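There are 2 protein chains.
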Amino acid sequence: MISNKIKEVLSPGILEITQKIKEREKKGKNVINLGQAVVDVLPAINNTYMEELLNNTKTHLYTHDAGDIELREKFMYFLNAKFNANIDNLNELVFTSGANNAFFSILSVILDKGDDFLIPIPYYFNHIMAVQLNEANPVLVKTENGLINRNIIEYSITNKTKGIVLVSPGNPTSLAYKETELIEILKIAKNENIWVILDETYSMLLFSGPDTFIRLRQEFDNLIIISSFSKSVPMAGWRLGYIISREDLYPLLLKVIDTISIAPPTISQLILKDMIDKMPKIYECIIEELKIRYNKLSNSIGEKIPVDGGCFVWYRLKNGLTGTEYADYLLNKRDIAVIPGKVFGDDRYIRISFGNVSKFPKNLLE
Amino acid sequence: MISNKIKEVLSPGILEITQKIKEREKKGKNVINLGQAVVDVLPAINNTYMEELLNNTKTHLYTHDAGDIELREKFMYFLNAKFNANIDNLNELVFTSGANNAFFSILSVILDKGDDFLIPIPYYFNHIMAVQLNEANPVLVKTENGLINRNIIEYSITNKTKGIVLVSPGNPTSLAYKETELIEILKIAKNENIWVILDETYSMLLFSGPDTFIRLRQEFDNLIIISSFSKSVPMAGWRLGYIISREDLYPLLLKVIDTISIAPPTISQLILKDMIDKMPKIYECIIEELKIRYNKLSNSIGEKIPVDGGCFVWYRLKNGLTGTEYADYLLNKRDIAVIPGKVFGDDRYIRISFGNVSKFPKNLLE
Numbered sequence: 000m001i002s003n004k005i006k007e008v009l010s011p012g013i014l015e016i017t018q019k020i021k022e023r024e025k026k027g028k029n030v031i032n033l034g035q036a037v038v039d040v041l042p043a044i045n046n047t048y049m050e051e052l053l054n055n056t057k058t059h060l061y062t063h064d065a066g067d068i069e070l071r072e073k074f075m076y077f078l079n080a081k082f083n084a085n086i087d088n089l090n091e092l093v094f095t096s097g098a099n100n101a102f103f104s105i106l107s108v109i110l111d112k113g114d115d116f117l118i119p120i121p122y123y124f125n126h127i128m129a130v131q132l133n134e135a136n137p138v139l140v141k142t143e144n145g146l147i148n149r150n151i152i153e154y155s156i157t158n159k160t161k162g163i164v165l166v167s168p169g170n171p172t173s174l175a176y177k178e179t180e181l182i183e184i185l186k187i188a189k190n191e192n193i194w195v196i197l198d199e200t201y202s203m204l205l206f207s208g209p210d211t212f213i214r215l216r217q218e219f220d221n222l223i224i225i226s227s228f229s230k231s232v233p234m235a236g237w238r239l240g241y242i243i244s245r246e247d248l249y250p251l252l253l254k255v256i257d258t259i260s261i262a263p264p265t266i267s268q269l270i271l272k273d274m275i276d277k278m279p280k281i282y283e284c285i286i287e288e289l290k291i292r293y294n295k296l297s298n299s300i301g302e303k304i305p306v307d308g309g310c311f312v313w314y315r316l317k318n319g320l321t322g323t324e325y326a327d328y329l330l331n332k333r334d335i336a337v338i339p340g341k342v343f344g345d346d347r348y349i350r351i352s353f354g355n356v357s358k359f360p361k362n363l364l365e
Numbered sequence: 000m001i002s003n004k005i006k007e008v009l010s011p012g013i014l015e016i017t018q019k020i021k022e023r024e025k026k027g028k029n030v031i032n033l034g035q036a037v038v039d040v041l042p043a044i045n046n047t048y049m050e051e052l053l054n055n056t057k058t059h060l061y062t063h064d065a066g067d068i069e070l071r072e073k074f075m076y077f078l079n080a081k082f083n084a085n086i087d088n089l090n091e092l093v094f095t096s097g098a099n100n101a102f103f104s105i106l107s108v109i110l111d112k113g114d115d116f117l118i119p120i121p122y123y124f125n126h127i128m129a130v131q132l133n134e135a136n137p138v139l140v141k142t143e144n145g146l147i148n149r150n151i152i153e154y155s156i157t158n159k160t161k162g163i164v165l166v167s168p169g170n171p172t173s174l175a176y177k178e179t180e181l182i183e184i185l186k187i188a189k190n191e192n193i194w195v196i197l198d199e200t201y202s203m204l205l206f207s208g209p210d211t212f213i214r215l216r217q218e219f220d221n222l223i224i225i226s227s228f229s230k231s232v233p234m235a236g237w238r239l240g241y242i243i244s245r246e247d248l249y250p251l252l253l254k255v256i257d258t259i260s261i262a263p264p265t266i267s268q269l270i271l272k273d274m275i276d277k278m279p280k281i282y283e284c285i286i287e288e289l290k291i292r293y294n295k296l297s298n299s300i301g302e303k304i305p306v307d308g309g310c311f312v313w314y315r316l317k318n319g320l321t322g323t324e325y326a327d328y329l330l331n332k333r334d335i336a337v338i339p340g341k342v343f344g345d346d347r348y349i350r351i352s353f354g355n356v357s358k359f360p361k362n363l364l365e
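Keeping their order, the protein sequence lines are chains A and B. So the first sequence is numbered by numbering that gives the first Met the number 0: it starts at 0 and just counts up by one. So the second sequence is numbered by numbering that gives the first Met the number 0: it starts at 0 and just counts up by one.
Among the hints, a few may not be true.
Just so you know, same-sequence chains aren't split out, so a pair can sit in one copy or run between any two.
What the hints assert, rightly or not - Distance condition first, Cα-Cα at most 30 Å in a straight line; then the derived DSSO-like pairs of lysine-lysine: (1) Lys6 with Lys112; (2) Lys57 with Lys332; (3) Lys186 with Lys277; (4) Lys272 with Lys25; (5) Lys159 with Lys6; (6) Lys159 with Lys112; (7) Lys26 with Lys186; (8) Lys73 with Lys19; (9) Lys277 with Lys290; (10) Lys4 with Lys112; (11) Lys112 with Lys186.
Source of the hints: derived by calculation from the structure; they are not laboratory data. Since the structure is predicted, the reported quantities are computational estimates derived from the model, not experimental observations.
Kindly produce the complete structure, drawing on both the sequences and the hints.
Here it is in structure tokens:
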């Protein structure tokens, strides 16, 4: 009585780690969580504004499936003014309940059972799961550091390939594409009629300053952007993200969103609407804070490689252990939780998140 | 480059009506919205508690995929104490981002491409869409009033049938199953290895008092309950619902939820946690208010048939017009928005929602 499809879908690797942390904590240990991809900075929510919102009936009802119209307009203007996004039609911007919700929704619009969809290794595991839930085939593509190039995409494409997902800056690598590199990839994909879904969840947290590649959609209409407010504002628990895609996908996206979510949470949207003007300042503060945390992180658990932004370090282990073994060692001997590389498709590594530890303990300091 | 699957999925009928209302309002008309399924009563959210929540970092991070553990425990005890729910394992209760999110998630766990899934007419259109998104076949089942019986299910089941969805009280009918009727249906379904998904979104708003059929799971492990806090608390915009199902489905449900939502909004869960003790009182107040609104509703737009609860009246038209024609007439001549029965699979009717009109205009009063 259970679906065969669901049996094939990957289990979310993070939940297993969460379980292990809980067991350790039950033993009375104080675990330092360098696992979860969160930034534990309080978002700038005004108490008086919140009180007003709560007293308004509309706050408690649904918004339009694609999000509150005023919010969409305001955010579209923001993206156009700050990042030359050149979005000229509101229906190109759809709000979602986070970036996972966005990715699943857009995949449901482009994939059929049996299609191939390219995913570079190391991958964000939910991308694989979303492809599998759509009964398409995740085709894993080897890379040096998570970033692909024109050669890799050229030899990976077959006539079954429907699209590829790129993450910039990467999760787990925190490495970002350069514009020239991305344009080369987009050219090949466009020639081959392949969708490029660019996950920019961390792009407003680039250490060189917030940025987005939305502007490249002018030349490449096969480029779809998904993003999130979870890390950049940061409002992870409030479940808000967005999709920027061609207008003809809009009515199809609404079919998916209406079915799986109806609409993103109204309260989250109304708070965000009030926050847009302050966003440049918010981004700046969070980037500053993340830089401080990155700099404080020691090499005591592995080599601290340079990152372009975001909140991860993707450590290549040099001690002969697998990521799984080393993560278990760190948890059980040093009470530090990290994610083994296995979860991202390469167990020679571990992923360290420095986003949710405002005060590093001594043994992680330089 | 677009999925064939998505082209087959029904468009959400409500969005078309929303568009028509907006056009009417642009002409300066004040439209009375008897369309949307919402209850416009302010939920009981404490401002001081909210301020505390906002100042706590955890409020802004994710909860566990299945919801905050304390919330799940507290709500499980509540259901067991008030409704003899007999939930003995926390993993039988999973919080979701609303009932649509719950329904899609559970369908993804039980359906494969090509499976048949029974949906009684009049239907809730998102049920059809969720079956189609899973590439299964919605098999529409004729009924007199939305409720099926043992005869109807017996002759509807084939060897391709994987399950059926029942809504009690119904949307759009607001008619509820009696326990004896439901047990007859469950017996047949269990014998035939068919899942019964019971959508109880409106069951806490039964005019005879809040209730749920969760207790029947003791005898029928093929019964899965989905529900929502959108109408009963009422917190529609806050996106919270739940699934009650067999423990072996739990890890499979987490796969879907992690992929499409990660977790329900944290703020909504924390508010709900604080609200559980007050729920009996809240239900009572809302039922009282809905009864008043139902009683105020006149027969001026159609025959007001009796309802068991919830916020809808499902009017059978007697004037020779279709639901679509009559809904257009009401909107354009009387500035009243209702949903044509076509949206629910039977255009001899219209659906009137009396949940979101605290003060009915004169021409709708008795």
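How the hints compare with the structure:
1. Taking identical chains as interchangeable, the C-alpha atoms of Lys6 and Lys112 lie at most 30 Å apart whether they share a chain (16 Å) or sit on different chains (14 Å).
2. For the homomeric pair Lys57 and Lys332, the shortest alpha-carbon distance between copies (26 Å) is at most 30 Å, but the shortest distance inside one copy (51 Å) is not.
3. In this assembly of identical chains, Lys186 and Lys277 lie within 30 Å of each other by CA distance neither inside one copy nor across copies; the values are 35 Å within and 59 Å between.
4. Taking identical chains as interchangeable, the C-alpha atoms of Lys272 and Lys25 lie at most 30 Å apart only when they sit on different chains, with a minimum of 23 Å there against 41 Å within one chain.
5. Taking the shortest alpha-carbon separations for Lys159 and Lys6, both the intra-copy value of 23 Å and the inter-copy value of 20 Å come in at or below 30 Å.
6. Taking the shortest Cα distances, Lys159 and Lys112 sit within 30 Å of each other both inside one copy (11 Å) and across copies (20 Å).
7. When the C-alpha separation of Lys26 and Lys186 is checked against a cutoff of 30 Å, the pair qualifies neither within a copy, at 55 Å, nor between copies, at 46 Å.
8. When the C-alpha separation of Lys73 and Lys19 is checked against a cutoff of 30 Å, the pair qualifies only between copies, where the shortest distance is 24 Å, while the shortest distance within a copy is 43 Å.
9. Only within a single protomer do Lys277 and Lys290 lie at most 30 Å apart by alpha-carbon distance; the minimum there is 20 Å, versus 45 Å between protomers.
10. Within a single copy, Lys4 and Lys112 get their C-alpha atoms as close as 11 Å, and across copies as close as 9 Å, so both meet the 30 Å cut-off.
11. For the homomeric pair Lys112 and Lys186, the shortest alpha-carbon distance inside one copy (26 Å) is at most 30 Å, but the shortest distance between copies (35 Å) is not.
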